[in-house]
Structures are given as structure tokens and as C-alpha cells.
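Given chain A's structure and the hints, the job is docking chain B onto it.
As you go down the protein sequences, you meet chains A and B in turn.
Reminder that position 122 of the first sequence reads as 122 in the numbering used here, one-by-one numbering, no gaps.
Just remember that the numbering used here sits 201 ahead of the position in the second sequence, which is counted from 1.
Think of the hints as simulated: they come from the structure by calculation, not from any bench.
Please note that a few of the clues may not be correct.
Claimed, not checked - Residues of chain A placed beyond 12 Å of chain B at every Cβ, according to the derived structure:
(1) A20
(2) Q21
(3) T25
(4) R41
(5) K44
(6) P67
(7) N77
(8) C84
(9) I93
(10) A94
Claimed, not checked - Stretch-level coverage of chain B by chain A, calculated; a stretch enters the list once three of its residues show a Cβ under 8 Å from a Cβ in chain A:
(11) 206-217
(12) 227-234
(13) 244-255
(14) 259-270
(15) 273-284
Stated by the list, open to error - Dumping the calculated DSS-like pairs for lysine-lysine here, alpha-carbon to alpha-carbon at most 30 Å:
(16) A:K15 with B:K232
(17) B:K232 with A:K44
(18) B:K243 with A:K15
(19) B:K243 with B:K270
(20) B:K253 with A:K15
(21) B:K215 with B:K247
(22) B:K247 with A:K44
(23) B:K226 with B:K281
(24) B:K251 with A:K15
(25) A:K44 with B:K204
(26) A:K15 with B:K204
(27) B:K253 with A:K44
(28) B:K280 with A:K15
(29) B:K247 with A:K59
(30) A:K59 with B:K280
(31) B:K247 with B:K204
(32) A:K44 with B:K270
(33) A:K15 with B:K226
(34) A:K59 with B:K281
(35) B:K243 with A:K44
(36) B:K243 with B:K253
(37) B:K226 with A:K44
All figures in this text were calculated on a predicted structure; none of them were measured in a lab.
Glycine included, C-beta positions come from ideal geometry on N, C-alpha and C.
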Amino acid sequence: MKMEEMSLSGLDNSKMEGIAQDILTDLVEDACLGLCFEVHRAVKQGYFFLDDTDQESMKEYEIVDQPGVDIFGQVYNQWKNKECVCPNCSRSIAASRFAPHLEKCLGMGRNSSRIANRRIASGNNTNNKSESDQEDNDDANDNDWSYGAEKKAKKRKSDKNPNSPRRSKSLKHKNALLGPKRRVENQESPCVLLRDEAFPQ
Amino acid sequence: MSKETQMRAAVNQKLVEMGERERLKELLRAKLVECGWRDELKAHCKDVIKGKGLEHVTVEDLVTEVTPKGRALVPDSVKKELLQRICAFLAQQSTL
Chain A
1 MKMEEMSLSG
11 LDNSKMEGIA
21 QDILTDLVED
31 ACLGLCFEVH
41 RAVKQGYFFL
51 DDTDQESMKE
61 YEIVDQPGVD
71 IFGQVYNQWK
81 NKECVCPNCS
91 RSIAASRFAP
101 HLEKCLGMGR
111 NSSRIANRRI
121 ASGNNTNNKS
131 ESDQEDNDDA
141 NDNDWSYGAE
151 KKAKKRKSDK
161 NPNSPRRSKS
171 LKHKNALLGP
181 KRRVENQESP
191 CVLLRDEAFP
201 Q
Chain B
202 MSKETQMRAA
212 VNQKLVEMGE
222 RERLKELLRA
232 KLVECGWRDE
242 LKAHCKDVIK
252 GKGLEHVTVE
262 DLVTEVTPKG
272 RALVPDSVKK
282 ELLQRICAFL
292 AQQSTL
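With the rest of the complex left out, here is chain B:
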């Protein structure tokens, strides 16, 4: 394992241990609902379901159709804010 991979693993572990990952997750969810991302994506889901037929839709169908669009639809402001928080956390960790 390269040092960087080790580093990433350590960071992720720290993130989870300190509960920061949960907090970030909640923050992201709240921001996405606020900016209408969730409703937009839900509408897209409706289209996908109507296309595939209500009875035959599977989780995989939804995931493959919806995730790339979801990733693209996240507004830049939300991304920026989350990144800031993550970087702040990382900086905190490096001084410990």
C-alpha cells in the first residue's frame, strides 16, 4: 500500500470515528433538499419509472439512470461549502 493510500484510509477512518462523516452527510442532505436537487432528481426518477414500467423497475435501473445525473446536478455552491468543511477537518487533523 502506497503512503497515499494509507493516508486516505487513515483519513476516512478518522472521519468516521469522530462522527464527522455523519455530520457531513446530514449537512449535504439538508443542502441538497434546500436547493431543490432532491425534487429535480425525484422528477427524473418519475420519468425513468414511467419509461421502464412501474412493475418492472429495479434498484439497479434507478441507480444507473439516476446517479450520474445526480452527481452532475449538485450545485457548485454546495460543493464548495462541503469541500471547505472537509479541508478544515483535514487541516485540524494534521495539527493533532
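Here chain A stands alone, though its shape is the one from the complex:
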């Protein structure tokens, strides 16, 4: 269409409005039709009434909003202070400390090998004879898994470098066979147990 034929200024306002109204009517009708098609398809495909649940089921799964209870109505911290028995050393450990303890006890996880290596390093400085028995660091790690080695580890701890930054922390805990790692405070991940189950004892 050429521009001269498009001179809308030739039309008066009411005609303009009339055209605009018609365009609007068309658009609204499009919207209505769209909805009809959607609904009809939903009816024929069988999903139109899916979101209508009966009152009884609605009440059953209503969100719970009470203190001390989660939205399903279950108490969520009742297992916090229970005690678990470690399958490795047969000690009774508090639930929130269980995962980190297991990590150290089984000799898995990032930190346990680091600690073991550090112990070996300090053991090398003071107690050369016992360390020369082991071939390499890996074997030293294995040694730590048995209870007897842990006693040795306890003893060696006192030989540690007195200037080490961790010194003051390890003295605070009597249970510190392997030294607590403050960084991984509340490690509740059960995935530690899923790793390599067979290990030499």
C-alpha cells in the first residue's frame, strides 16, 4: 500500500476510534478463542479437572505452621542428641559428631589423610626408627586404621612442634585421638559411609 493512500489524517477521530475498537474486538475474540481451544483440548485429553482435589484430601496435606515442627508436621530435631555406636571403634558418639568421627575413624575423607600425613611428618622428625619400617605414606595411613596405631599416634602428638598453630586447639580436647578439625563442624553427610566399604584392618 502506498503512503498516500494511508493518510489517516483524512479520517476524523470517530472513525479512528471505530477502527481501533474493531481491532480491539478482534484481539479479545482471539483471546477467547484461544482459551476455548485450550479448555477443549484439556477436556478431551482428560486433564481439565486434574487440579480439583476433594476437601478431605486437601485437609490431610495442609501445610503445618506450628513451632518445633516442620511443614509436614514432623518433629525435625529429635535425633540431634541421640548417640550412635561407631562400627569401627565401638564407641558411643553423639549424632551430630558422628559423621566427622567416622571420617577420621575409617581413615577416609580429605582431612584424615592430611592429619595422618602430618603425624607421619612429625613422627619422622622425632621417631625415625618406627617410620623407616613403612615403605611409603600410603602404608602409614593404613597403620593408622588399627587401634594400636592410634595409641602410638596419641603419644606422638606430644612431640609435635610446640609452635604449630594447631597446638592450642588439640590440647583442649581429651578425646582428640586424631585431632578435631574445626573447619568441618557439622558435617552430617552420610555419604562417607557409602564409599569404599572394604578396607584392611
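Then chain B, alone, in the frame of chain A:
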């Protein structure tokens, strides 16, 4: 064809060509959802379907029952806004 009819045809064509019609359509849809028109009309559809029976409902049934109500239910504010946009577009076109 009268000049006015020609004019209308030209306007519609321009509307489509410039993509303005699609934009207007989307704007209208969004506004209608926002103001609850869609949910109201859907509820009305439910009544119609329950009346006619789930198995026997046809598109024509829905269209004839639903469209007039739909047209009536559009709130004035939405109509006004759309009209404003259309008029602005038309004014733009007349100056080109």
C-alpha cells in the same frame, strides 16, 4: 471497496507486518491473566462442561457459550489501555 474499507485493510496489514498485532495480543493476554479474567472464564467453562457432559462437549459449544461472556468480562481499564496503544500506533502510521 469504499475508502474506509480500504483503509481498514491497510491498517490491519500494517499492524501485522510490523509485528504490532502480536505484541498487542501478548499484552492483552498478560493483562487478562493478571486481572483474573482467565480464571473467571475458565470457571464458567467448567460450568458449561458440567452442563453438557464431559464426553459430549464440542469446540462450538464452548465458543458460543464462552465468547460473549468473555467479551463482556474484559475490564474497562484493560480495554482503555489497549485502545490507547492502538490509537498511538495508528497516529504513528499517519505521520509516516
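Exercise for review: Against the structure, test the hints numbered earlier, and report the numbers of the ones violated in rising order.
Suggested key: Violated hints (numbers, rising): 1, 2, 3, 4, 5, 18, 20, 21, 24, 25, 30, 31, 34; every other hint is consistent with the structure.
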